[in-house]
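Student: Protein chains in written order, with the working numbering: chain H, 1 to 383; chain P, 1 to 383.
Read the hints as simulated data drawn from the structure, not as lab findings.
Warning: the hint list may mix true and false statements.
One copy or any two copies: either way a pair holds, since identical chains are not told apart in the list.
[Claimed, not checked] With a straight-line cut-off of 25 Å between C-alpha atoms, the simulated DMTMM-like cross-links for lysine to aspartate or glutamate are:
1) K99 / D208
2) K226 / E92
3) K362 / D288
4) K99 / D221
5) K89 / E214
There are 2 protein chains.
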Amino acid sequence: MNLEDTLLMMPGPVPVAPRVLRAMSKPMINHRSTAFSDMYDDCRQILSDIFNTKNDIFILSGSGTAAMEAAVGCVTKPNDRIICIENGKFGERFKNIAKRYGMTDPLVYEWGDSIDLSQLEEKLQEGAKAVTLVHNETSTGILNPAKEIGKLTKEYGALFIMDGVTSLGGDLVKVDDWNVDIALVGSQKCLAAPPGLSIVSVSQRAFDVMEDMERMPYYLDLKAYKKSAEKSQRETPYTPAIPLFYALQEALHIIKEEGMEARIKRHCTEAAAVRAAVEAMGIEMLPDLNEYSHFSNTVSAMKAPDGVSGNDIKKDMLARGIVIAGGQERLSGKIFRIGNMGNVQPKDILLTIAELEIVLKKRGILSRVGPGIEAASDILDKL
Amino acid sequence: MNLEDTLLMMPGPVPVAPRVLRAMSKPMINHRSTAFSDMYDDCRQILSDIFNTKNDIFILSGSGTAAMEAAVGCVTKPNDRIICIENGKFGERFKNIAKRYGMTDPLVYEWGDSIDLSQLEEKLQEGAKAVTLVHNETSTGILNPAKEIGKLTKEYGALFIMDGVTSLGGDLVKVDDWNVDIALVGSQKCLAAPPGLSIVSVSQRAFDVMEDMERMPYYLDLKAYKKSAEKSQRETPYTPAIPLFYALQEALHIIKEEGMEARIKRHCTEAAAVRAAVEAMGIEMLPDLNEYSHFSNTVSAMKAPDGVSGNDIKKDMLARGIVIAGGQERLSGKIFRIGNMGNVQPKDILLTIAELEIVLKKRGILSRVGPGIEAASDILDKL
C-alpha cells in the first residue's frame, strides 16, 4: 500500500500537515545565528501558552524518553527516593529510568487501573525527593489525576515530574496551577510535528535542587539548556535538529491559529465519539476508572472482543489502509487502540469507525454495520 | 540576506542537497513497521562501509554530543580511570562528559598543538579503562593520529573511543584496522545530512565491558540499541526522528554513488587548495604539527593576520554571503575557519578564496587579489 494512502490513527507518530512537511525543506542555517534564535524563541513562547506556565521551557533534540530522562536524571542522586506511579507502560518507563539514577519506590497498579491517592499519600509521608506521573497513559488510554497528585506532592515538599507526552497540545494541562515542577512532551503526538524533538518546562524549585547535584547527565543537562537559552544567547547547548525545529514552529503556528480551547474541545469530542461508537458495538473500554481518573481524550484503548485478538483487528485495519495500534507488551493481543491526536479530523474518526465495523462484521463479531457510525456521528456533529 | 543565497563554508551544519531536503517531506510512518526497519538496515549497511567496520552500528536520534556521551557513559563506572586526550574544544568536551561518569585523567595540550604519543604511553602504563580521542579536531583543524593511538591503546588493554564527527564520511577512517571500540559521527558534517542524528559503531569488547555496568544512561543505552537492532526487530529502542532518517538515507545514497575513495580525494584536494591559497596570502595555519599529526582534510583553521580579528573576517565574509567560522572560546578572534565538508564543490572553494582575498584587500591586509585564487585553482584543477 502506498504510504500516502494510509491514515495514521495511532497514538503517534501522527499525520503531519503538508505545510509542516514543506517547512522542513528550507535550507540549513547556522544554529549560532539570529535566525535560529528567533525561531527558538517563537516556539518557546507558543509552548508556554500550551503548557500554561511561566516556567522556563527548553526544546531537546531527542524523543520523549530523552525528556523523561532529563527530568529524572537532573534531580536524582543515588540515595534519593523517587516515587514512580505506574499504571501503564510509560509509568513503568519512568521507574526504569529512575532506577538508573536513584532509589525507586514504585506505586504499581495493573495496567489500565486507576491510581489510589491515599496510597500515594502514605508513600509521601515516608518522604520522597520526587514523584513521577504519566498524565495521559498512552498504553492504556487512561487520564490520571495530575491536579490532585500535584497538590499532594507539593504538600509533602516533593518535586512533581509529569510526562504530558500525549496530553500537552491536545488536552488541558495547567503546569503552574497543578504545581508541576518538570513537565514534558514529545513533538510527534498532540503537537502534530514529526518525531525527534521533546520539550520540557522546569520550575525554579527544580533548578534549586539541581544546584546540589554532583553527576548530571551531559546531553540532557537542563542547567546547560537554561544557560544557553538566556537572553544573551537564545541557543541550545548542542547542535539542534534544525529541520525538526522548522517543522515544530510550523506545527505550533497551526495550534495558535486553531486556538487551544477549540483544539481541546475537538480532541475531547473525537475521543467521546470513539467511545460511543465502540459502546454501540458492545466493546468494553480497558481503563477501570475511579472518581479521580478519566478516559483519555487523545487515545482510546478497547478490550478485544471475545474470539478475536487486538492484533488481528490491527492487521485487518492496516489491510484497509488505517493504521491503529494494538496493545504493548503484557497487553499485546488483549486490546486495540485508536488515537485522535493532533490534526485528526471528525471525518477521519468516522471513516475509522466505519472500517472497524466492517472488519468486525467480517470476523463474525458484529451482525451488522451501522450502529457505531451513527453513535459517533451524533457526537461529532456537535462540533 | 536571503537564506538560499548564502553559502555555508562552516565546519557544519553543511549545505544539504535538494534531494536530501525533499526526502524529508515524505509522510510519517509507524516506526514499528517494516518500512522503517528496511530504511534503518539500508542506512546501517552503507555506514558500515564508511566506517570500514564489521562492528554493530546504531543510529541515535540526538547530536554528536549525545553519541559522545553514549560512548563514555555506557562503559564508565565512578572509579574508572579514563584518559581524555585534549588538544581542542571537542577533546575538552570528552573530558567534561567523562567527569560526569568516572575519574578523568586528561592529557592536555594547547588547542592546536600535536599529541605526544610517548606521554600517552606513560599514562597507559598506569592503567586505564578507556582512552578518548577526537580524530579530526574541528575547533583547530588538526587531524590526530588515530591509527597510532589505537595501536597503543590496544597494547595496554584499554578501550579506544574515537569521535570521528568531522572525519567519517569525508576522510579515511578504518575502525577495525585502527582498533576503535566505539567510533561516532554526527549527521550534519561530512555525511551532508541535516543535524539531529548521530551514529555509533560498537565492538564486542565494548559490549563485554557493558555487561559489568550498574547504572547506564537510559536514552543513550547502547545495549538497548543492540537489542532492538537484532534481526527479529530491526528497530530503535525509542521513537526515532523519522524525517531525519529519510534525509540520512538519501545523503548516504549520494555518498554511495560518489564512492568513498573519490569522496575522500575530493575532500583532501579541497583542503589542500585552501591551505595553498592562504599560504599564497601569507597567512599561517593554526596547527603545530609533529611527525604523527596532519592538517585536517575537512576544515582549515588559519591564524588571523596581524591587524584584523578572525571575527571581523567572518563578519565581512557573511556580508558577502559566505558563512565561515571564527574561533571558539579561547581561540575567539584569533583564528578563522573554512570547512569543506560534505557536498562542497571545487567552485565553492574558489569563490570562498576569491571573497576572502577581496575582504582582506579591503581591510588593507593584502595589496592585491589573485595569488590565492591562482594557488587554489592549480590544486583544484587536478581533481
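Student: The structure should be examined with respect to each hint, and the outcome stated for every one.
Tutor: Verification of the hints:
1. Taking the shortest Cα distances, K99 and D208 sit within 25 Å of each other both inside one copy (22 Å) and across copies (22 Å).
2. In this homomeric assembly, K226 and E92 come within 25 Å of each other (Cα to Cα) only across copies, at 21 Å, whereas the closest approach inside a single copy is 28 Å.
3. Neither within a single protomer nor between protomers do K362 and D288 lie at most 25 Å apart by alpha-carbon distance, with minima of 29 Å and 76 Å respectively.
4. In this homomeric assembly, K99 and D221 come within 25 Å of each other (Cα to Cα) both inside a single copy, at 18 Å, and across copies, at 14 Å.
5. Proximity of K89 and E214 under a CA criterion of 25 Å is satisfied inter-copy only: 23 Å between copies versus 30 Å inside one chain copy.
Against the hints set out earlier in the document, a violation occurs for number 3 only.
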